[in-house]
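Work out the full structure, taking the sequences as your base and the hints as a guide.
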Amino acid sequence: MGIYLIGYTLIALALLFVVFVQLVSRRLIFKNNIRIQQIFAHPLLTYSIGRIGSALISILLAVTATFFLIRVKSEGFMICKQAIGTWDKLGESLREMQCIALKERLGITENWFVDLFTYYYKILPFPKTVCQMTDIGTIVGSETIYTVSNQNCRNFILDLGTVFFLGGGNNGKFVLDLISEKMVISFRIGIIAVIVELLLGYPMGIMMAKNKDGVFDKIGKTYIITIDAIPGVAYYYIWMALFAGIGLPTIYQADNPLTFLAPALTMGFTGMAGIALWVRRFMLDEFNSDYVKFARAKGLSENRIMYTHILRNAIVPLVRSIPAAILGALLGTFYIEKIYGIDGIGGLLVTSEASNDYFVLQGIIVVSALISIVAYLAGDIVTAIVDPRISFSKE
Amino acid sequence: MSTNNTVKNIDSTIYHNVEDLFTVIGASEENIEKLTSAPYSYWRETFKQLLKKPLAILSVAVIFLIIFFTIFGPMMKSYRVISNADGLADIFPANQSWSADHWFGTGGNKMSYYKGLDLWTVVWVGARLSLILGTVVALIDTFLGILIGSLWGYFRRLDPIMIEIRNFVNNVPSLLLYFLLMAFLEPNFWTIVFLLTMFSWIGLAGFIRNQIIIIRNRDYNIASITLGSSPKAMITHNLLPYLISVIVTVVSTAIPAAVSSEVGLAFFGLSFSAAAGDITLGQVLTDATRDEWMVYPYLLIAPMVVLVPLTVTFFYIGLALADATDPKNHR
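Chains A and D supply the protein sequences, listed in that same order. Each step along the first sequence adds one to the number in my numbering, with nothing skipped, and position 297 is 284. Each step along the second sequence adds one to the number in my numbering, with nothing skipped, and position 77 is 177.
Just so you know, these hints were derived from the structure itself, not from any lab. Treat the hints with caution; some may be incorrect.
Taking lysine-lysine and the DSSO-like style, the derived pairs with C-alpha atoms no more than 30 Å apart in a straight line are [what the hints assert, rightly or not]:
id : chain 1 : residue 1 : chain 2 : residue 2
1  : A       : 60        : A       : 18
2  : A       : 208       : D       : 152
3  : A       : 208       : D       : 428
Only part of the chain D face toward chain A is listed, based on derived beta-carbon distances under 8 Å [claimed, not checked]:
id : residue
4  : 264
5  : 267
6  : 272
7  : 273
8  : 275
9  : 279
10 : 356
11 : 360
12 : 367
13 : 385
14 : 400
15 : 404
16 : 407
17 : 408
18 : 412
Heads up, the beta-carbon is just placed ideally off N, CA and C, and yes, glycines get one too.
Have a look at this one:
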């Protein structure tokens, strides 16, 4: 019971906090207390709350739309046919009975809206105990006897259901467990890629801006155009061929970190182009601004101007994407995971779609929507920290 | 003393050599009414700018070459690669490398559909469909993007709805939606066009919207609104002409983007079915990657040889057009 108490208290506190902030920022209470106004009506705070609010609406929309699509796709007996091994041998009435039993076990009813609201309830962020129902009804004569045993109960804040059809030893797991398990796999490779692209992309962009229209700039531009233009699949394979050529292992093995290199570098070298492009563009934009001319007039060295003045300003619009890149590493890349045979989130999406596993699919959508929203928010906050001019107020 | 001397020198230069500096050409009554420089034409100037870049000319040449081969390439070798009511495809021994008979070799043993087919013909037939698909998708995308984007930028009340749609597209993995939609749709030309346009127009619309917001409150637009211009006139006369360079760029980069997206769809088996006679570059590439391309690299090289120049040149033309169509760079 303890976790419930803590959870509900936290949620109540959070809600109270939001209401309080709203009231303060609208100047309905504590009108004259400057201290409280400064802290609770801080633009960053009210902005974040507004952003989270609209983000929750986005998640609900995404969940609703995909819920109906998935439902329409696997309507009728399709799901039962897939799940019940002896389907072809069963008679019409037995089929129907088994199907009803199965659907009950899955928590699927005939009424889509009931299911939809059940799912909303499940993903509402407050603590709930979830029990897996492990036994299916057994048929004795003409009657079906359900022996539903509530084993394996766990406390969840976000309940994404249970894996049913995925196979490969994953059936019966909690979806949240499965997703976090796969996320670790995707993240190990993704984070190397992010480090590579940041470590190479920024210097490349700076170098290109430094000798604009020089040889290095031309080479860099050609690389960026090529990466932008040709299809991802095509250049992933070009990289793979190159890596195979220099002897890097190109088949992923979970226990051999050397095999992480090829996919991570493929991802990193791709992301690097985008970063370099924007670093170059933003730095060139700053080149002719007054403060740079002033710094030159003061007699500062070109390097000093480059790194402490221009880069400091050019970096402001760029840091926004860093949290998104790091969090995006959790979700992996579908193409690279398929090409190198990595069983991360991308692979999970493909297999769960193929095996019609509702809850896994919906779970991936919820998690990826959450991640993208957190990433946007983190990006805004990082930008506000880096740039003192930004205040997020409504002018 | 020396300064005085210098001043005198300058004085003498100015006052005594004035006649040397100018030549009198006389006045002509006729020429007063004539313009000596050619009148400014936007498109002529644009092409002038474009032709200054040798790489742009090369790109145009490559594009024409590719279009030429998509039409006449399959005719150069009279092999059939599609089985239909008229007859069966010509099957040759698989895994033959480049030769005089098969310029790109023949399909590998493990390729699902292209096994033993002449890859030269396959690739050009595929490039034809890819290019048509890319152009159609790019045109629809641009049309929707401009229409919705300009409305979105002009009427700010649309913001909540449109931003919600954009969030939806950003939040949900598009691959998943492709999978779900393809469960209902038969893979034919228009369904693939539908899939490819479904998510790409919003990006263009957002781009146009940002551009319109940037220029919407310029003085000339405020003056126009004050004088009572209707929204339609505002968008078509004041805003869109200003955006012409953006739009031209968007169209030409949308074509390689659509070709690339098709390759992505094909990689997950969501594109056309080759067995039904629809070959695209995406399918040929995907099928080659499933074969032992490390042993027989020509399997992968064949589609790449067309795909890479096709997308890169279109993309480069887009960038070059962006510079050339910008009136700030003219003259």
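Status of each hint after checking the structure:
A threshold of 30 Å between alpha carbons decides the hint, and for residue 60 of chain A with residue 18 of chain A the separation of about 55 Å lies outside it, so the pair is violated. Proposed proximity of residue 208 of chain A and residue 152 of chain D is supported: the alpha carbons are some 19 Å apart, at most 30 Å. Between residue 208 of chain A and residue 428 of chain D the alpha-carbon distance is near 22 Å, which keeps this suggested pair within the 30 Å criterion. Interface hint status for residue 264 of chain D: upheld, as the beta-carbon distance to the closest one in chain A is roughly 6 Å, under 8 Å.
Interface hint at residue 267 of chain D: satisfied, since its Cβ lies 4 Å from the closest Cβ of chain A, which is below the 8 Å cut-off. A cut of 8 Å between beta carbons decides the hint on residue 272 of chain D: the least distance to chain A is about 5 Å, and the hint holds. Residue-level restraint check for residue 273 of chain D holds (minimum Cβ-Cβ distance to chain A is 6 Å; threshold 8 Å). The closest approach between the C-beta of residue 275 of chain D and any C-beta of chain A is roughly 5 Å, which is under the 8 Å cut-off, so the hint is satisfied.
Hint status for residue 279 of chain D: holds, given a least beta-carbon distance of 5 Å to chain A, under 8 Å. At its closest, the beta carbon of residue 356 of chain D sits 5 Å from a beta carbon of chain A; the interface hint therefore holds under the 8 Å criterion. The closest approach between the C-beta of residue 360 of chain D and any C-beta of chain A is roughly 4 Å, which is under the 8 Å cut-off, so the hint is satisfied. A distance limit of 8 Å between C-beta atoms decides the matter here; for residue 367 of chain D the minimum to chain A is near 5 Å, and the interface restraint holds.
Look at residue 385 of chain D: its Cβ gets to within about 6 Å of chain A, closer than 8 Å, so that hint holds up. The restraint placing residue 400 of chain D at the interface with chain A holds, with a minimum CB-CB distance near 6 Å, inside the 8 Å limit. Using the Cβ-Cβ criterion of 8 Å, the hint placing residue 404 of chain D at the interface with chain A is satisfied: the shortest such distance is roughly 6 Å. Taken as an interface hint, residue 407 of chain D checks out: its beta carbon lies about 6 Å from the nearest beta carbon of chain A, inside 8 Å.
A hinted interface residue such as residue 408 of chain D counts as satisfied when its beta carbon comes closer than 8 Å to some beta carbon of chain A; here the least separation is about 5 Å, so the hint holds. Taken as an interface hint, residue 412 of chain D checks out: its beta carbon lies about 4 Å from the nearest beta carbon of chain A, inside 8 Å.
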